[in-house]
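Novice: Sequence:
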Amino acid sequence: FDFVRDKSKPAFVEVFIDPDVLQEIWTTFLFPMSMGSFTWDELNPTLKDLIAEAWDKTLPLVYGWRHPSWAQGVKKWREERK
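Residues in the sequence shown are numbered consecutively from 1, following the UniProt record's numbering.
No wet-lab data here; the hints were simulated from the structure.
Model, not experiment: these values are computed from the prediction.
C-beta: ideal position from N, C-alpha, C; glycine also.
Don't take every hint at face value.
To be verified - In silico lysine-lysine, DSSO-like type, Cα no more than 30 Å apart, as pairs: (1) K82 to K48; (2) K9 to K48; (3) K57 to K75; (4) K7 to K48; (5) K48 to K76; (6) K76 to K57.
Unchecked claim - Label pairs and their calculated CB-CB ranges: (7) K76 to D6: 16 to 24 Å; (8) E53 to K7: 44 to 52 Å; (9) S8 to G64: 16 to 24 Å; (10) D18 to D56: 20 to 28 Å; (11) P10 to Q72: 31 to 39 Å.
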C-alpha cells in the first residue's frame, strides 16, 4: 500500500476465500451475529442442524449474540437426533 500512498494510484487487491474457512465463520460467528435475535423455535431445521453442529466450536465472544433459547434448543435438538 506504500505505492498507493506514494504514487496516488489506485490499488488492486485480489482476495481468495477458502470455502472451508468461510463455512466455519458462518456457523460459529455470522449466524449468531445476524440471527441471534430469533428464538430457537423461529429458526428453520437446516439452520438448527448447522448451529447444533457448530455449537461447541463457538467462541465465548459470540455467546452474548445468541438468543437465550438457543442453548436449551440445541440440547433438545441433539437429543432428538440421536
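Novice: Take the hints in turn and mark each one as holding or not.
Specialist: Hint by hint, here is what the structure shows:
1. A threshold of 30 Å between alpha carbons decides the hint, and for K82 with K48 the separation of about 15 Å falls inside it, so the pair holds.
2. Among the hinted pairs, K9 with K48 is inconsistent with the structure: their alpha-carbon atoms are about 47 Å apart, more than 30 Å.
3. Restraint check for K57 and K75: the C-alpha separation of about 15 Å stays at or below 30 Å, so the hint holds.
4. Distance check on the hinted pair: K7 and K48 sit about 51 Å apart at the alpha-carbon level, beyond 30 Å; violated.
5. This hinted pair checks out: K48 and K76 have alpha carbons roughly 11 Å apart, not beyond 30 Å.
6. A C-alpha spacing of about 18 Å is found between K76 and K57, which places the hinted pair at or below 30 Å, so the restraint holds.
7. For K76 and D6, the hinted distance range of 16 to 24 Å is not satisfied, since their beta carbons lie about 59 Å from each other.
8. For the hinted restraint 44 to 52 Å between E53 and K7, the CB-CB distance of approximately 48 Å keeps it satisfied.
9. Distance hint for S8 and G64: a CB-CB separation of about 43 Å, inconsistent with the stated range 16 to 24 Å.
10. For D18 paired with D56, a C-beta distance near 22 Å keeps the hint of 20 to 28 Å intact.
11. Restraint check, P10 to Q72: a C-beta distance of roughly 51 Å breaks the suggested window 31 to 39 Å.
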